[in-house]
Amino acid sequence: AQSVSQHNHHVILSEAASLELGCNYSYGGTVNLFWYVQYPGQHLQLLLKYFSGDPLVKGIKGFEAEFIKSKFSFNLRKPSVQWSDTAEYFCAVKRHDYKLSFGAGTTVTVRA
Amino acid sequence: GAVVSQHPSWVICKSGTSVKIECRSLDFQATTMFWYRQFPKQSLMLMATSNEGSKATYEQGVEKDKFLINHASLTLSTLTVTSAHPEDSSFYICSARGSGTSYNEQFFGPGTRLTVL
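Chains F and R are the protein sequences, given in the same order. For the first sequence, our numbering assigns the number 2 to the initial residue and increments by one for each residue that follows. For the second sequence, our numbering assigns the number 1302 to the initial residue and increments by one for each residue that follows.
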């Protein structure tokens, strides 16, 4: 079965700090990978996605993620966070049947 | 583009009643829609896959008679929670699989918060 692991349950950091959220998946085939963000009281929004090509993916709001096939990882990064980045972040893998498997999510709290 | 809406955004009902939640793809046709459930501070759990014109397929452990899904058109899927009980209280989210170059993506609705008293 395909699974997604997010290592950090809750991350607290100050504005301007750098952020890295870990995501590992277990699936041996071709993968499509996603990072979604859910701001308080709002719906899921796509931050970025990886299908193929350059393993370093740029997303919206200054986020990027790196696909490392040998490590089965797709970690999310942002060099300098803002208070408005406070949200829940979900990593997801698209299965062969087009269903998404989500990680447990990471709550990010940015202190002003 | 690729906007998905849900209605209602929240609903409160008495135990034993049924509640219908609508999911619409506003600017594209979606042959496949998905229904998720999200408990507070937890991840999204896929409940079922809704295919236009055919029966929904349910994930293991999801009661199909409890959560009725109908995908009658290319832009509308409905989830009916039958004889709702307090344990059914949750945040229900739908998504629609994109078309054309976006067929590998899902576009999410804003969710419906169900509270069963």
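Be a bit skeptical, because a hint or two may be false.
Stated by the list, open to error - Just a few of them, taken from the derived set where beta-carbon distance is under 10 angstroms, the chain R residues facing chain F:
(1) Val1305
(2) Pro1309
(3) Pro1387
(4) Phe1409
Said to hold, decoys possible - DSS-like, lysine-lysine: derived pairs with alpha carbons at most 25 angstroms apart:
(5) Lys1367/R with Lys1342/R
(6) Lys1365/R with Lys59/F
(7) Lys1356/R with Lys50/F
(8) Lys62/F with Lys1342/R
(9) Lys100/F with Lys1315/R
(10) Lys1342/R with Lys79/F
(11) Lys1342/R with Lys50/F
(12) Lys1321/R with Lys1365/R
(13) Lys100/F with Lys50/F
Rather than coming from a laboratory, the hints here were simulated on the basis of the structure. Every residue gets a Cβ at the ideal spot worked out from N, C-alpha and C, and that includes glycine.
Tested hints:
Taken as an interface hint, Val1305/R checks out: its beta carbon lies about 9 angstroms from the nearest beta carbon of chain F, inside 10 angstroms. For Pro1309/R, the interface hint is violated, since its Cβ never comes within 10 angstroms of a Cβ in chain F; the closest pair sits about 14 angstroms apart. Of the supplied interface hints, the one on Pro1387/R is violated, with its beta-carbon coming no nearer than about 22 angstroms to a beta-carbon of chain F, more than 10 angstroms. Checking Phe1409/R against chain F by beta carbon gives a least distance of about 4 angstroms; that is within 10 angstroms, so the hint holds.
Among the hinted pairs, Lys1367/R with Lys1342/R is consistent with the structure: their alpha-carbon atoms are about 24 angstroms apart, no more than 25 angstroms. At most 25 angstroms may separate the alpha-carbon atoms for a hinted pair to count; Lys1365/R and Lys59/F exceed this at roughly 40 angstroms. Proximity of Lys1356/R to Lys50/F is assessed by CA-CA distance (about 30 angstroms); at most 25 angstroms being required, the pair is judged violated. Taking the CA atoms of Lys62/F and Lys1342/R, the gap is about 23 angstroms. The hint holds against a cut of 25 angstroms.
Among the hinted pairs, Lys100/F with Lys1315/R is inconsistent with the structure: their alpha-carbon atoms are about 32 angstroms apart, more than 25 angstroms. Distance restraint check for Lys1342/R and Lys79/F: the Cα-Cα separation of roughly 23 angstroms lies within the 25 angstroms cut-off, and the hinted pair is therefore satisfied. The hinted pair formed by Lys1342/R and Lys50/F meets the criterion: a straight-line CA distance of about 23 angstroms does not exceed 25 angstroms. The suggested pairing of Lys1321/R with Lys1365/R holds, with an alpha-carbon distance near 14 angstroms, which does not exceed 25 angstroms.
Only pairs whose Cα atoms come within 25 angstroms are accepted, and Lys100/F paired with Lys50/F is accepted, the gap being roughly 15 angstroms.
In summary, the structure is inconsistent with hints 2, 3, 6, 7, 9 from the numbered list given earlier, while agreeing with the others.
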